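Chain residues, written in single-letter form:
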Amino acid sequence: MKVPKGSWVQIEQVVLRPEERAPQVPEDTKAVPLMLWVKGTLLEDATLGETVEIETAIGRRLSGRLVAENPPYIHGFGRPIPELLAVGKEFRALIERSGRR
Amino acid sequence: MKDNSYAAVMARRNEIMKRALGLDYGEFELGGLAFDYERMMEKAGYSLEEVRAIQKETSVGDTPLIELKNLTAAARALSEPGRGARIFIKDEAANPSGSFKDRRAAVSCYFAQHHGYKGVVAATSGNYGAAVASQANMRNLKSIIVQELFDSRGIGQPEILEKGRKCEAYGAEVLQLTVGPELFYTFLRVLEDTGFFNASLYTPFGIAGIETLGAEIVSQVQARFGRNPDAVVITNAGGGNLTGTARGLIKAGAAETKVIGASVDLSGLHMASDRDFNRKSFTTGHTGFGVPFTTWPDRADVPRNAARPLRYMDRYVTITQGEVFAITEALAALEGLERGPAGNTSLTAAFAIAREMPEDAIIVVQETEYTGAGKHVTAQLTFARENGIEVRRGDPADQVPGKNIIIPRDPSMIRPRDLSMKDLKASYLRNALKNRPAGSPEALTEAEAAFLAAEIKETPQGLAALLAQARGC
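So the sequences go chain by chain: F and Z. For the first sequence, the residue numbers in our numbering are 1 to 101. For the second sequence, the residue numbers in our numbering are 1 to 473.
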């Protein structure tokens, strides 16, 4: 996919390959690279997957693999939790029963 | 060309830090283990009055103290006659970026601005990132926030995703990493590349910023009741929140007020494990930070940590993830306050501890935090289920962190579990002895003995007994 210069994009860097990781990290973590993602303005037309340069929100120039054009925020509120729905009522019933304020 | 391997950058850490902090920690050293903590706080920090003035410039602090009448009534309903303290909460969500962390960021950004730094950097996955970005904007500084956010599958913890979004909303550059303590390596490289100020949570500025919180609690309780609070409950992770609040209480004349730390029990989960990372529903305020930082503060990103909780802590309790979620729900349903969840760790402990205290006692919870997408009970529990964690009603005593989250079947099941203060102090002493410089004399010097006694709030006799325990005698 072509991404035009000036787009708000996300790039990815491999900070440390598995063999470069710190000696104290546990085995499951040592088996994978330390990765970094950061967003900024794309400085030249590019294709997803290419190594590109961006200018970050504070004006630093960083390079890395172009992974997304303007990625959305994906976090939300999830679903209501049935196990929690009754909690407020239970606390109120407790207060009613005791009659203490 | 500069060697940027992990080992080479770590070897340069002291010189990088010295420039990025504008502080020479060497002048506070007293030989061996010891350093002059109070002189460091006096010389490098700011007085309470100075901090108040700095925070006023950027609208930080002076937050409301709210009485939680319905939660107090619920605690009394579960208590023996005559028991059930009045519960108050300091609504720190009213700060500009939505948490008490603005107090810490305000002082760091003030220092950075007045010492000619062009920007600030903070390594944090928590509310502190937003606080730094927000305060930096008010002081015309640039900000870079370094977060640990994703596991190796690229799945982000919802609470940290939200904190990253908020930092981006303030115009910060946000560096988002996968799991691993080498975040510190990335942080050092950013400091070296930019020459920005290290807005660490653990400098004297970061701690002095919280002293106003403790002092405000005293003046607000004094104004209404003409006396000091009996206890203040503080969520404990890196130790700064507890240290700063306790110092503020003492400075405001409430040295007798009990200082109680509270953390969410995440025992059994490894904090640097890629697999465990998304099996927890709390990214801060938990034992994975609280216990190691309490028993060895100098593991932080500064040469000498200004957050030293054992100097002030009277009691340390843990509570479970499910208990905090239940109390967060109750806070919304009974008190009309939608806050947290992580910030409600201390509230959960206070609800349970209030039951032990007399009815006329006053227990203060010293923070709330903003809530939002990702940072919410529904978001966290939905995410937990997607990651194979069982969520059910039951007895919180049956919880296994990383396997299940148990919402208490009944409010009476919300109970604090005390960590042994003696064991925590002995563990601190073991770490201290282990970190004593090579070539030290066999016996502790006078300065070292005095330092250690102050570090764990003990008399010389108490220190001697705990040293024997630490050495395994």
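No lab work stands behind these hints, which were simulated from the structure alone. Possibly wrong hints are sitting among the right ones.
[What the hints assert, rightly or not] Lysine-lysine pairs mimicking DSS-like chemistry, simulated, CA-CA at most 30 Å apart: (1) Z:K434 - Z:K457; (2) Z:K43 - F:K30; (3) Z:K251 - Z:K69; (4) Z:K457 - Z:K251; (5) Z:K2 - F:K30; (6) F:K30 - Z:K434; (7) Z:K69 - Z:K18; (8) Z:K56 - Z:K251; (9) Z:K422 - Z:K434; (10) Z:K434 - Z:K251; (11) Z:K258 - Z:K403; (12) Z:K118 - F:K5; (13) F:K89 - Z:K403; (14) Z:K43 - Z:K69; (15) Z:K258 - Z:K118; (16) Z:K43 - F:K89; (17) Z:K118 - Z:K56; (18) Z:K69 - Z:K258.
[Unchecked claim] Computed beta-carbon distance windows for the label pairs: (19) F:T47 - Z:G439: 44 to 52 Å; (20) Z:K43 - F:R97: 40 to 48 Å; (21) F:K89 - Z:G388: 23 to 31 Å; (22) F:E55 - Z:A447: 30 to 38 Å; (23) F:R61 - Z:E27: 32 to 40 Å.
Just so you know, these numbers come straight off a predicted model, no measurement behind them. Glycine included, every Cβ here is placed at the ideal spot set by N, Cα and C.
Against the structure, the hints come out as follows:
1. Z:K434 - Z:K457: holds (20 Å)
2. Z:K43 - F:K30: violated (42 Å)
3. Z:K251 - Z:K69: holds (29 Å)
4. Z:K457 - Z:K251: Roughly 17 Å separates the two Cα atoms, so the pair holds.
5. Z:K2 - F:K30: Holds. K2 (chain Z) to K30 (chain F) sits at ~25 Å (cutoff 30 Å).
6. F:K30 - Z:K434: holds (26 Å)
7. Z:K69 - Z:K18: Violated: K69 (chain Z) and K18 (chain Z) sit about 49 Å apart, past 30 Å.
8. Z:K56 - Z:K251: It holds: about 19 Å lies between the C-alpha atoms, which stays within 30 Å.
9. Z:K422 - Z:K434: holds (18 Å)
10. Z:K434 - Z:K251: Given pair K434 (chain Z), K251 (chain Z) is violated - Cα atoms ~33 Å apart, limit 30 Å.
11. Z:K258 - Z:K403: violated (34 Å)
12. Z:K118 - F:K5: Satisfied, since the Cα-Cα distance of roughly 28 Å is no more than 30 Å.
13. F:K89 - Z:K403: Measuring from Cα to Cα gives roughly 28 Å; hence the hint holds.
14. Z:K43 - Z:K69: With a Cα-Cα distance of about 42 Å, the restraint between K43 (chain Z) and K69 (chain Z) is violated, given a limit of 30 Å.
15. Z:K258 - Z:K118: violated (41 Å)
16. Z:K43 - F:K89: violated (53 Å)
17. Z:K118 - Z:K56: holds (22 Å)
18. Z:K69 - Z:K258: Roughly 21 Å between the alpha carbons, so the hint for K69 (chain Z) and K258 (chain Z) holds.
19. F:T47 - Z:G439: 44 to 52 Å: violated (60 Å)
20. Z:K43 - F:R97: 40 to 48 Å: violated (57 Å)
21. F:K89 - Z:G388: 23 to 31 Å: Because 29 Å falls inside the window, the suggested range holds.
22. F:E55 - Z:A447: 30 to 38 Å: Between E55 (chain F) and A447 (chain Z), where Cβ atoms are some 52 Å apart, the hint is violated.
23. F:R61 - Z:E27: 32 to 40 Å: holds (38 Å)
The structure is inconsistent with the numbered hints 2, 7, 10, 11, 14, 15, 16, 19, 20 and 22, although it conforms to all the rest.
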